[in-house]
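Student: Below, each chain spelled out in residue letters.
There are 2 protein chains.
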Amino acid sequence: MSIKPVGGIEPPYYAVVFTPVRHDDPQGYAETAVRMDELVRAVPGFLGYESAKAPGGLGITVGHFRDTDSIAARQRDLEHREAQRRGRAEWYESYSVHVAKLERSYGFERG
Amino acid sequence: MSIKPVGGIEPPYYAVVFTPVRHDDPQGYAETAVRMDELVRAVPGFLGYESAKAPGGLGITVGHFRDTDSIAARQRDLEHREAQRRGRAEWYESYSVHVAKLERSYGFERG
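Residue numbers (our numbering), protein chains in the order written: chain S, 3 to 113; chain A, 3 to 113.
Calculated directly from the structure, the hints in this document are not laboratory data.
Accuracy of the hints is not assured; some may be wrong.
Said to hold, decoys possible - Listed next, the stretches of chain A that the computed footprint assigns to chain S, with coverage defined by at least 3 CB atoms under 8 Å from CB atoms of chain S:
id : stretch
1  : 53 to 62
2  : 94 to 105
Stated by the list, open to error - Lysine-lysine pairs mimicking DSS-like chemistry, simulated, CA-CA at most 25 Å apart:
id : chain 1 : residue 1 : chain 2 : residue 2
3  : S       : 55        : A       : 55
4  : S       : 103       : A       : 103
5  : A       : 55        : S       : 103
6  : S       : 55        : A       : 103
7  : A       : 103       : A       : 55
8  : S       : 55        : S       : 103
Positions of the beta carbon are idealized from the N, C-alpha and C atoms, including for glycine.
Whole structure, please, built from the sequences with the hints as guidance.
Tutor: Right, dumping it as structure tokens:
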């Protein structure tokens, strides 16, 4: 049992915290989520993400990016912009987005 | 339908992103979670948190704090330290903690 640095990613880097509230499995959502996953993995400077969703309620996704240029590249993507538009029109009751600069990270793994 | 600033909290402020992996409802966990909720609300500079957990897997909690002094006060709390110790000994398979400075926030609410 020990506390270790996380995932070999050296701070500073950026996190985008996305917290949508949506009903489960609305039409078209799952296909779009798969496509957004593909697209973000192709963004230069994308470092990974973690995602959790309670059934029928709040989801939280934390995406990690090397710098603000990586985040800007993601935001410019036209398919992503269309998915955001559709999310607001059809899927989400609400969401928040927080863009934050990571100052330190640590973690624990049962060992 | 519009994109609005989030919750009236003006950046910069800090987020602590906590991502534990645990089995559902281990012994003693629920009571401790209630107590940790009480304690964090009493921390000067605590601004709120959001939490989501997938059944049987990853949870993500994002706590918002005015500054690093607020976070340090939370970390010094002896009951919190004991809960962390117990978490590592009994409840968590793994976790990561990211401390990040919020640069911008925005959100959407169906309206």
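Student: The structure should be examined with respect to each hint, and the outcome stated for every one.
Tutor: Hint check:
For a cut-off of 8 Å, the count of residues in the stretch 53 to 62 of chain A with a CB near a CB of chain S stands at 9, and the three-residue condition holds. Judged by the Cβ-Cβ criterion of 8 Å, the stretch 94 to 105 of chain A is covered by chain S as claimed, because 12 of its residues qualify and three suffice. Between residue 55 (chain S) and residue 55 (chain A), the direct Cα distance comes to roughly 6 Å. Compliance with the 25 Å bound is thereby established for this hinted pair. Straight-line distance between C-alpha atoms of residue 103 (chain S) and residue 103 (chain A) comes to about 5 Å, which keeps the hinted pair within the 25 Å bound.
At most 25 Å may separate the alpha-carbon atoms for a hinted pair to count; residue 55 (chain A) and residue 103 (chain S) meet this at roughly 24 Å. Among the hinted pairs, residue 55 (chain S) with residue 103 (chain A) is consistent with the structure: their alpha-carbon atoms are about 24 Å apart, no more than 25 Å. In summary, the hint linking residue 103 (chain A) to residue 55 (chain A) is supported, as the alpha carbons are separated by about 23 Å, within the 25 Å threshold. Taking the CA atoms of residue 55 (chain S) and residue 103 (chain S), the gap is about 23 Å. The hint holds against a cut of 25 Å.
The structure is consistent with each of the numbered hints, conforming to all of them.
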